[in-house]
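There are 2 protein chains.
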Amino acid sequence: MSEALVIGSVALDDVETPHGRATEALGGSACYGSVAASYFVPTSLVAVVGRDFPPEYRKQIENRGIDTTGLQEMDGRTFRWSGYYERNMAAAHTNTTELNVFEHFRPDLTPEQRRKPFVFLANIHPELQVHALRQLDNPQLVALDTMNLWIEVTKKELREAIRSVTLLLMNEDEARQFCETPNLIEAGHALLGMGPRSVVIKKGEHGALVFQKDHYLSIPAFPVRSVKDPTGAGDTFAGSMVGYAARLGTATDENIRRAVVIGSIMASFVVEDFSLKRTLGLQAAEIEGRIGQLQAMMTVPPLDPATFVPHFAPAV
Amino acid sequence: MSEALVIGSVALDDVETPHGRATEALGGSACYGSVAASYFVPTSLVAVVGRDFPPEYRKQIENRGIDTTGLQEMDGRTFRWSGYYERNMAAAHTNTTELNVFEHFRPDLTPEQRRKPFVFLANIHPELQVHALRQLDNPQLVALDTMNLWIEVTKKELREAIRSVTLLLMNEDEARQFCETPNLIEAGHALLGMGPRSVVIKKGEHGALVFQKDHYLSIPAFPVRSVKDPTGAGDTFAGSMVGYAARLGTATDENIRRAVVIGSIMASFVVEDFSLKRTLGLQAAEIEGRIGQLQAMMTVPPLDPATFVPHFAPAV
Numbered sequence: 001m002s003e004a005l006v007i008g009s010v011a012l013d014d015v016e017t018p019h020g021r022a023t024e025a026l027g028g029s030a031c032y033g034s035v036a037a038s039y040f041v042p043t044s045l046v047a048v049v050g051r052d053f054p055p056e057y058r059k060q061i062e063n064r065g066i067d068t069t070g071l072q073e074m075d076g077r078t079f080r081w082s083g084y085y086e087r088n089m090a091a092a093h094t095n096t097t098e099l100n101v102f103e104h105f106r107p108d109l110t111p112e113q114r115r116k117p118f119v120f121l122a123n124i125h126p127e128l129q130v131h132a133l134r135q136l137d138n139p140q141l142v143a144l145d146t147m148n149l150w151i152e153v154t155k156k157e158l159r160e161a162i163r164s165v166t167l168l169l170m171n172e173d174e175a176r177q178f179c180e181t182p183n184l185i186e187a188g189h190a191l192l193g194m195g196p197r198s199v200v201i202k203k204g205e206h207g208a209l210v211f212q213k214d215h216y217l218s219i220p221a222f223p224v225r226s227v228k229d230p231t232g233a234g235d236t237f238a239g240s241m242v243g244y245a246a247r248l249g250t251a252t253d254e255n256i257r258r259a260v261v262i263g264s265i266m267a268s269f270v271v272e273d274f275s276l277k278r279t280l281g282l283q284a285a286e287i288e289g290r291i292g293q294l295q296a297m298m299t300v301p302p303l304d305p306a307t308f309v310p311h312f313a314p315a316v
Numbered sequence: 317m318s319e320a321l322v323i324g325s326v327a328l329d330d331v332e333t334p335h336g337r338a339t340e341a342l343g344g345s346a347c348y349g350s351v352a353a354s355y356f357v358p359t360s361l362v363a364v365v366g367r368d369f370p371p372e373y374r375k376q377i378e379n380r381g382i383d384t385t386g387l388q389e390m391d392g393r394t395f396r397w398s399g400y401y402e403r404n405m406a407a408a409h410t411n412t413t414e415l416n417v418f419e420h421f422r423p424d425l426t427p428e429q430r431r432k433p434f435v436f437l438a439n440i441h442p443e444l445q446v447h448a449l450r451q452l453d454n455p456q457l458v459a460l461d462t463m464n465l466w467i468e469v470t471k472k473e474l475r476e477a478i479r480s481v482t483l484l485l486m487n488e489d490e491a492r493q494f495c496e497t498p499n500l501i502e503a504g505h506a507l508l509g510m511g512p513r514s515v516v517i518k519k520g521e522h523g524a525l526v527f528q529k530d531h532y533l534s535i536p537a538f539p540v541r542s543v544k545d546p547t548g549a550g551d552t553f554a555g556s557m558v559g560y561a562a563r564l565g566t567a568t569d570e571n572i573r574r575a576v577v578i579g580s581i582m583a584s585f586v587v588e589d590f591s592l593k594r595t596l597g598l599q600a601a602e603i604e605g606r607i608g609q610l611q612a613m614m615t616v617p618p619l620d621p622a623t624f625v626p627h628f629a630p631a632v
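These protein sequence lines map, in sequence, to chains A and B.
Going by the numbering used here, the first residue of the first sequence is number 1, and it counts up by one from there.
Going by the numbering used here, the first residue of the second sequence is number 317, and it counts up by one from there.
One chain only, chain A, in its complex shape (with noise of 0.2 Å):
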């Protein structure tokens, strides 16, 4: 078992969906993604929140395990954005965000923070993730995230991070957008052609796509009749993909591989009510059962190859 370092924001979110609302949330890019990993490896944060973030969420995620040594409190406001969904929840439509503390935040690693071996850039501006990117000391992993504002505003900046990283996770739109093709399977190449060794396309209620040199795996959404709220089921699963490599020990194509099955299970439980309620207080058995579900949901009965042959070929 190794460790995780997740890098990235800490936010308070007012949501609203066709299914409620929330005021005030815990949310951010590194919040979801740091509890997320949590559950398969020790666990630290590194981001910062305002004077006004309340006592109570430092100690939720505390109380995950998560070693918050990296969260900064400074003078000033806490990150916060506001946004809704509408009926089919496909996408986040923001209101309003607010940078407040962000906007003078540099991640400035620890030694002991540099060493960490796993490490999960969370969705923040890209010239800061190269920022923390460069201090690090010979991880095994680097995973990076990011949004559709980077690829619009800070395309340049967003091309040398992927360089640099070992996983790459996008959503379906943005790797469209990045990669100027409607076509999924081309983006993909074109993305790992990039630098980074293993691509997720992360696609919602369609699941994730994951290139690699000398593999293509499509893996199931596991399927949820009610999503409450899909905020933060992104960073979800990138944080638990990265955490559950760093509990595997290494970074092996294969098992990435592995650790997307986990991925898509740990974003189906952050979609099912609304900020952090669910996935801060997964029990084991949850997490076991739904793993041994995804497996069955991929699973074909065995087909004998006797019965492709085709009954009728025509005279050439």
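Bear in mind the hints are in silico, worked out from the structure with no lab data behind them.
You may find that some hints are simply not true.
Ranges of calculated distance between the beta carbons of each label pair, as one might list FRET restraints [claimed, not checked]:
id, chain 1, residue 1, chain 2, residue 2, range
1, B, Arg337, A, Ser226, 23 to 33 Å
2, A, Ser226, B, Thr470, 25 to 35 Å
3, B, Gln599, A, Pro18, 44 to 54 Å
4, B, Arg337, A, Lys213, 35 to 45 Å
Straight-line distance between alpha carbons at most 20 Å, and here's what the computed SDA-like set of lysine to any residue pairs gives [what the hints assert, rightly or not]:
id, chain 1, residue 1, chain 2, residue 2
5, A, Lys277, B, Phe628
6, B, Lys375, A, Lys277
7, B, Lys529, B, Arg479
8, A, Lys59, A, Ala25
9, A, Lys213, B, Pro539
10, A, Lys277, B, Ala629
11, B, Lys529, A, Arg225
12, B, Lys472, B, Glu496
13, A, Lys156, A, Gly193
14, B, Lys529, A, Met298
15, B, Lys472, B, Gly511
Where is the CB? At the ideal position from N, CA and C, for every residue including glycine.
Put chain B on the given structure of chain A with help from the hints.
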């Protein structure tokens, strides 16, 4: 090995996609469906064409070994569809639909056709589907496909047809529309509750979901980097499922889950070129090759349950 009967439309299509165009090309739901089924079992086609139907098209269908006794020629012009696809190829846009000889078509089956045990009611007016359905003599499997038009204008008739079939296929958007829910898992279960023993929701590039009483399966799409023309993908998917189930000889739930792999593979071929160019001349090795590859894409390295146990359980 049993036999398949495919009832639906044969058409002349004008199609434009970002990769080119086809004019007066062979098309129609039953044409795509029967050609796909013909790889696996002796297949009979019931449809209607006009006096303008090119003899070489009939020849191409017959060259696949398909029994065209039921392909009537009536006075008038063949059913024609003209449409286009935008860059993302996600949905067909219709320019014009000319029913022509289809306005007077009634699928009246011969005694021999009535006894075919595996039947595909390809996309046509649901009243015609019900008319065909009622003539069948104790079929093992009746599969039904439809389209958004019938959901909009003949929902009641469609519901009646659905009640009486064993396998229902719908696109994801059609399933959402018909069941009035954005959630595909909810839609799948709702459709299953209406009567069919298996429901397949086709999701194009995202593969397909299979709903059965005791099983849920997610099948990837075979990854195609260059989709030239998506026309007929759904018909091909369904037709090959029925053909393959017939090849296996019994329509058990397990065989339907096997057949959906074949559906996904056969659909991946037809989109690689316009009209039926690709599926009229497939080689056995091509089909078998993709089946093996698709199975590999669904295969995750084994996960050790000991690694699911949370490393950290909070004090409650």
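Any of the earlier hints contradicted here, and which numbers?
1 and 6
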